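Chain by chain, the residues:
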Amino acid sequence: MANLDESRFGTRDAFGVYQPKEPIKYAPISDWPPRPGAVWRWLVGWPGFVLPWHLLYTCIAVATWLWLTPPIATMADFSTGWILTILARNYVLVVVYYGLWHGRLYLQKAQGTATKYNARFPEGKNDSFLWNNQLLDNLTFALASGVPIMTAYEVLGHWLYANGLAPMVQITSLGGLVWVGVLLLTVPFWTEVHFYVVHRLIHWPPLYRAVHHLHHRNVNPTPWSGISMHPIEHLLYFSVILGACLIPAHPIVMLAIIMRSGLGPGHGHAGFEQMATPGGGIAAVGDFPHYLHHKYFEVNYANELIPLDRWFGSFHDGSEAADARLHARMKRKAGRGRTGKAN
Amino acid sequence: MSENWVRACAVGDVDKEDVIEVTLLGRKIAVYRDKVGEFFATEATCTHEHVSLCGGLVVGDVIECPKHNGRFNYKTGVALRAPVIHDLETYPAKRHGDDVFVAL
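As you go down the protein sequences, you meet chains A and B in turn. The opening residue of the first sequence carries number 1 in the numbering used here; numbering runs sequentially from there. The opening residue of the second sequence carries number 344 in the numbering used here; numbering runs sequentially from there.
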């Protein structure tokens with residue numbers, strides 16, 4: 001088993017709950033007064049804005065466009081050949097990517113529970129889930145609904161580009177290349193805003209009960225939980241893909257959104273703060289804000305890039321003081337006639 | 344012994360700093376034993392979602408729900424941490440000989 005001293009990065013309480021040492025902070029771009037040095041370190045540091053995730057998903061998008069996507073001229077008609085090619089490619093990408101995360105952390109248990117937020121691994125049998133098993137349930141919704149719906153949006157996007165119905169920038173010119181580069185840098189911002197809006201929408205109690213509850217059954221999430229959603233949630237969540245067709249852009253931008261929204265939930269739900277890498281290193285992989293969202297429901301709807309939760313009063317930085325504020329807020333809401341129970 | 348006291352379990356059924364679930368008069372009851380050996384009882388189902396608390400951890404005077412990690416003081420029933428906000432119902436419990444009784 002990989003040697004990882006979790007006390008370097010956080011503390012574990014008597015109940016086994018692991019808490020990172022540092023409270024959750026937003027990206028320094030929203031700090032006032034501005035802190036240029038902090039912004040620079042955030043831009044080029046690890047973990048930061050570019051490294052590792054944004055660069056990884058952008059590289060996968062570029063490679064996918066270059067080598068794993070049919071020529072655009074062939075995608076002007078909805079024919080099964082290219083559609084099935086893209087579907088198969090997306091299945092392979094998702095299975096390999098999520099499989100690597102799950103395999104190392106939950107099958108191989110390469111670092112045991114070191115830096116795992118919840119000290120327990122999910123139970124083998126759990127009647128909250130389809131097939132009485134969290135993994136089988138997650139695989140079912142991810143592969144039977146998630147990948148096909150994500151692919152359907154991608155297919156529609158390629159068809160719009162191929163028919164000139166979506167404005168496509170040519171990357172053979174310097175101006176086009178620079179514009180696409182700028183768009184690629186902004187992908188995390190618009191995916192976060194879209195995610196926040198959709199996420200708030202599906203926390204509206206009727207939609208929560210009918211749709212989002214399925215994802216929230218994963219109170220001890222694993223990588224596969226990330227993309228395990230109700231089909232209606234997949235439809236809403238992956239609709240961000242078509243954003244690349246509304247402005248002058250390029251299919252690479254659309255693919256960058258797909259990789260970020262389709263693969264990103266894998267590490268976002270891994271449930272570990274740090275990962276011992278096969279080479280003996282340690283990589284910061286955690287998404288503690290989203291783990292808190294799964295735990296407390298009413299906090300941290302967005303990520304840490306744009307302070308949306310701070311602006312709208314749902315930010316939880318992981319501290320005991322934030323716990324107390326949340327508890328008081330929920331009690332006040334219950335006192336105004338709401339049930340207070342998870343809907 | 345008052346007639347509303349119901350035998351819940353044997354003393355040895357519950358370890359110190361642990362909890363078990365019993366069904367008494369058709370109601371699911373959690374029976375706790377603290378670190379000095381005193382017994383306590385609450386409703387067994389978390390007030391947040393329909394989950395038995397008895398799969399949770401007992402540390403000190405606190406029981407943690409195994410599902411969402413909400414915490415209660417099992418001696419007073421008070422909900423301590425989100426997402427639980429409604430207190431647990433508590434019942435008097437006592438040891439009599441080798442048995443534990445709960446008043447319903």
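It is possible that part of the hints are untrue.
Stated by the list, open to error - Which chain A residues stay away from chain B? Per the calculated CB distances, all over 12 Å, these:
#1 VAL17
#2 SER79
#3 LEU136
#4 VAL182
#5 GLY243
#6 PHE297
#7 HIS327
Claimed, not checked - To spell it out: a stretch of chain B is covered by chain A in this simulated footprint if at least three of its residues, at any positions, have a beta carbon under 8 Å from a beta carbon of chain A; those stretches are:
#8 373–382
#9 395–404
#10 422–432
Calculated directly from the structure, the hints in this document are not laboratory data. Every value quoted in this text rests on a predicted model; they were computed, and no experiment measured them. Every residue gets a Cβ at the ideal spot worked out from N, C-alpha and C, and that includes glycine.
A quick look at each hint next to the structure:
Not every CB of chain B lies more than 12 Å from the CB of A:VAL17, the least distance being 6 Å, so the non-interface label is violated. With a cut of 12 Å on Cβ distances, A:SER79 stays outside the contact zone with chain B, its closest approach being about 48 Å. Non-interface status of A:LEU136 relative to chain B is upheld: no Cβ of that chain comes within 12 Å, the nearest being about 19 Å off. Interface exclusion of A:VAL182 from chain B stands, the closest Cβ pair being 41 Å apart, more than 12 Å.
Residue placement check: A:GLY243 keeps its beta carbon more than 12 Å from all beta carbons of chain B (closest about 33 Å). Not every Cβ of chain B is farther than 12 Å from the Cβ of A:PHE297; the closest lies at roughly 6 Å, contradicting the non-interface assignment. Look at A:HIS327: its CB is around 5 Å from the nearest CB on chain B, not clear of 12 Å, so calling it non-interface is violated. With 0 residues bearing a CB less than 8 Å from a CB of chain A, the region 373–382 of chain B misses the requirement of three and the coverage assertion fails.
Residues of the region 395–404 of chain B lying with their CB closer than 8 Å to a CB of chain A number 3, which satisfies the three-residue condition for coverage. Residues of the region 422–432 of chain B lying with their CB closer than 8 Å to a CB of chain A number 7, which satisfies the three-residue condition for coverage.
Hints 1, 6, 7 and 8 from the list above are not met by this structure, while the remaining hints are.
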